[in-house]
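Asks: What follows is each chain in one-letter form.
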Amino acid sequence: LKTAVITNIQSYSIHDGPGIRTTVFMKGCPLSCAWCANPETLCGKPDISYNSNLCVHCGRCAESCVQGAVDLERKYIIDRDKCARCFDCVGVCFYGALAQQGEEMTSAEVYDKVRRDKMFYDSSGGGVTFSGGEPLVKPQFVAEVAERLGFEGIRSCVETCGAVPWSAFETILPYVELIYFDLKLIDEKKHRKYTGAGNSLILENAQRINAGCVDVIFRRPLIPEINADLEETVATAEFLQKMGSPQLELLPYHRLGLSKYELLAMQCNLSELQPAEKGNVEAVCNVYRQHGIKCKIVS
Amino acid sequence: LFIGINEALLKRIDGLKLSQRNSDWRNAVKAAPWRISADREQWTVKSWTQTEDEDIQIRRAKLVAAVLDGIEINIHPFDEIVGRPTPWVIGCCTAIDVNGDYIPGLLSDNEIDLTMGAHTSINGESAAILRRAVEVFGGKTMREATTEAWRQLVGEWAENAEAAKLKDPSLDAAITGQSTSVLSWRKILRVGLYGYLEEAKAHINEFLRKKDSDIGKFYFWQSSIIVLEAVIRHAGRYGELAARMAAEAGGAERERLTKIAEVCKYVPQNPARTFHEALQSMQFCNLGKMLENPTQNNCHWGRADQYLYPFFIRDLESGIPLEELSSQFADLVGRWGTQTFVSGATQKESHQINFGINSIMVGGLGQDNQDQSNELSYLTLHLAALLNLSSPTVCLRWNEKTPKWLMNKAIRTNLKTKGGIPLFENDEVVVNRYLKDGIPFAEAVEWVSLGCVYPCLPTRAEHYGAEGVAAFNLAGLLHLVLHNGTDINGNQTGLQTGNPREFKSVEALYEAFLKQHEFFCHRIFWLGAVARNVQSAYFRTPLLSVLGIEASMELGQDLLLPHPDYSMYGMSDRAIIDVADSLIAIDNLVFKTKTLTMSQLIDVLDSDFEGVRGEEVRQLCLRQPKFGNDIAEVDELVCRISKDSVGIIRAYDNAPFRPMMISREGLAWHYFGGRGVGALPNGRKALAPLNDGSLSPMRGADKNGPTAVLRSALTANYSEVSYASVLNQKFSASLLAGDENIEKLIAYTNAYMSSGGSHIQYNIIDTEELRAAKLKPEEYSDLVVRIGGFSAYFVQLSPEIQDDVIYRKEYSI
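Residue numbers (this note's numbering), protein chains in the order written: chain A, 1 to 299; chain B, 300 to 1112.
Don't read these hints as lab results, they were simulated from the structure. Check the hints yourself; a few may be wrong.
Stated by the list, open to error - Computed, partial: chain A to chain B, Cβ under 8 angstroms:
id: 1; residue: Gln10
id: 2; residue: Ser11
id: 3; residue: Ile14
id: 4; residue: Phe87
id: 5; residue: Val90
id: 6; residue: Gly91
id: 7; residue: Phe151
id: 8; residue: Leu201
id: 9; residue: Leu203
id: 10; residue: Gln207
id: 11; residue: Ser259
id: 12; residue: Arg289
id: 13; residue: Gln290
These numbers were taken from a predicted model, which means no experiment stands behind them. Cβ atoms here follow ideal geometry from the backbone N, Cα and C, with glycine treated the same way.
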């Protein structure tokens, strides 16, 4: 059985596809977008988080740590270079200040959790959505879970950034009914600057997946000052036009992920960025619509 | 989709607003002080002192007649339906004739400070009337006689058990003697009170012809004639007042008052002909009922959308505007929803003076086993949203055939009212339980709920609570086990089940719990049966009997004299989830991991988790597996306690009456019940509220999302043993924004109910609630921020970001 590191299996998800869904958040991503709202999923391994608001400085964590990685005087308590991720400290933290982010699970375990909500999928036309992180970093895992769920009549969706080899798509396609495909930036330079990788593979995959027979909805996280300007918008619209104008959903930037950077002692380079005004988001949406693209704002 | 339903009419209903009259009433209610009226006691005293040598049945009837004939009446400028128990917009009468001196502070000074933010002042003249009433009735009421009987049998035990919140209600909680609360509306509207009078007279003639000797029956029929005629005279007084006021008024006002005068001269004695007459007839009957016994004697609608439908449709077809009918309906729904009552000392902490708990049913199966939802069901929901009152409880009788258009309106109504209106109760579960208990389908299918979710048959007298027996507190019993039978106040109320520090296994502790349970509930039932035998010597309810239960007229018997054919008894065994979570924690911490000894645990509990070590243990307790997370071990334990408890309750020999029905209600009781329970091993602090509802997880303990809660609830399987259960779930408003998401919540509700869930209701989290979550993260640790592709727990966000979520509308949570 394949395994993957899962941060959360969220039931009653209603924004990630048709009907009532369970969203499986997987860890690990080939991109590192500056605006990422789920920074805990960037790294592929289980990680440790520290919430100073809950900490009473009882010192049990320091006592439990054989690596000597805990120092109560430090702002984030844990020296992440020394930390061996054994999570002994999490076990002795009575107050929930320390927490493990991500747990390795087998495809069978994930299948078992997801299938429990079958009655809700059946009554609403829902199913499971694999998200992350980037689920297609573990295509075989996704395929295993989705195939087993398929035997029970539970349908699967995948949310992907597209920055994975085409073979990953081929692995999962037989078991998936809908793909949410992120188009973050058309400008290659900017893409490299803000996501840490180029976009040629992504754009190629976008065209291939769109030409295939699975349903695809493209998604664009709408980030002020980065990809919400007219030039980028028109370029993206034209790219979509060339593919026959598939559906597009806009996800306006929000700051909710910022707290998580703090918990993980990570830096967020966009910490000052404010969400766009509602009117501006609608203006961008209208540009897409003027290009004949069915565009909708999701929030 | 809309088979047999006038879709255009539904659209018109969607557009309805509150009428000017309704709005004027609402403003008056908001501005009005809550008042207690002494007027009724003038007439009770007068009548009672004049009837000393007469039979109790006749005495009570004459007392009711004297009150109806004498009490001050009033018509307000916004009234279309007239009649209130006091001349004020918000007012209630006292019931010293029923309960004696039961209002704390009544005689000590002139200013009674009542809880719930209500202040009621009584002037010197009124105080004198009340004092006189206490002189006449004090010490000679059924409450006092029952208390005395109980003292003779078990000493102070019953009072101690009440003080420790182990049993509920206390005798002064003002539901004593209240046997049923839903009047036979269908028959009242069909035959009018003249119809009832003819029946009573026919029975009397038959009695005389047969030379029958059961004089009690003769008195009963006589008493019913006395009260029915008094209700008709009372209506007539309103008619005359309206006519007098009309003579002095002009224009539209004159028209309104003239119409009122006409209606009041026709109903309730005649069968109603119009929607207006039907509602007015109901109000007069209800007034009679309230003035007969003004304790917590609520104005229950029952299945209004069924029995009022023919009047509604006929009026619409004859050209009466929908707006007018809606205004009349809203008038009475609002009035019944804001009827107050005053109760005794032991309720002081929770609700000494409060709105009555009444209920109105929407939809549900009919005699043909088809769903009966109609346009009036839809209007009921619409008005409930416009009025947005805490009463009535609006209960949608969900079944597999409930139409989608009604569910859609129901979820939208929830959104508008911040939730709870309507709640969903499973029609099929309730009907099946009645069938299993041997009630014929024709009766079972007409069930209505009383107040919250407690089902009741309009054809039978429900004694729930009437003899001081309604509910007991399982968490309180666990407290007894953990203190060898000593309750929170230090009284030896429970059995001595052994030194709790010496339990060797959780099974041994559970055995002790079941022993307490059996001792307790059988003793309560016994005392209830004693109360039943005492009370009829002091009190009767001829009006409630004759208009409430058709069999009462047939048998010639007052409801205070129970009869196996119509008397029903029930019990709510509360706080099962608190007990299950606590037992799991004890088992894990003491017996499995041996983290603590039993002795250490009890010390920490008795100190209420004091100090650093105490808080650590509490955190440890909170982290133990909890109900509501789809964890088999816990959910199955809940199921086991549920079944064991029912086994004990049903083993009580309630002959000649039916075995106790189990009905796990308790919408707001958890605050009250918590006052009797010390710190618990589930991590709950002493005296804190218990879990709300009867099937809701501990606050903040459900960490696997809402669907896991429902799966746990299904595993607990209350539906197999209980008529009702209560499961509250919180959803944020944005989860319901947009048609698509409303459809999803309908699908969610349908999935749960069709899998056998018996009740669900939604609370909608608004900005205010989010602020609370920020302050009390522990209670909201399950609150998830849901946005496409993003996931986080609200309480884990930094305070600054939490503010973003709270104040900025573009975020949905």
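Asks: The structure should be examined with respect to each hint, and the outcome stated for every one.
Replies: Outcome of the hint check:
1. Gln10: holds, 5 angstroms
2. Ser11: holds, 4 angstroms
3. Ile14: holds, 5 angstroms
4. Phe87: violated, 15 angstroms
5. Val90: violated, 11 angstroms
6. Gly91: violated, 10 angstroms
7. Phe151: violated, 20 angstroms
8. Leu201: violated, 21 angstroms
9. Leu203: violated, 20 angstroms
10. Gln207: Since chain B brings no Cβ nearer than about 22 angstroms to A:Gln207, farther than 8 angstroms, the hint is violated.
11. Ser259: holds, 4 angstroms
12. Arg289: Violated. Min distance 19 angstroms.
13. Gln290: violated, 23 angstroms
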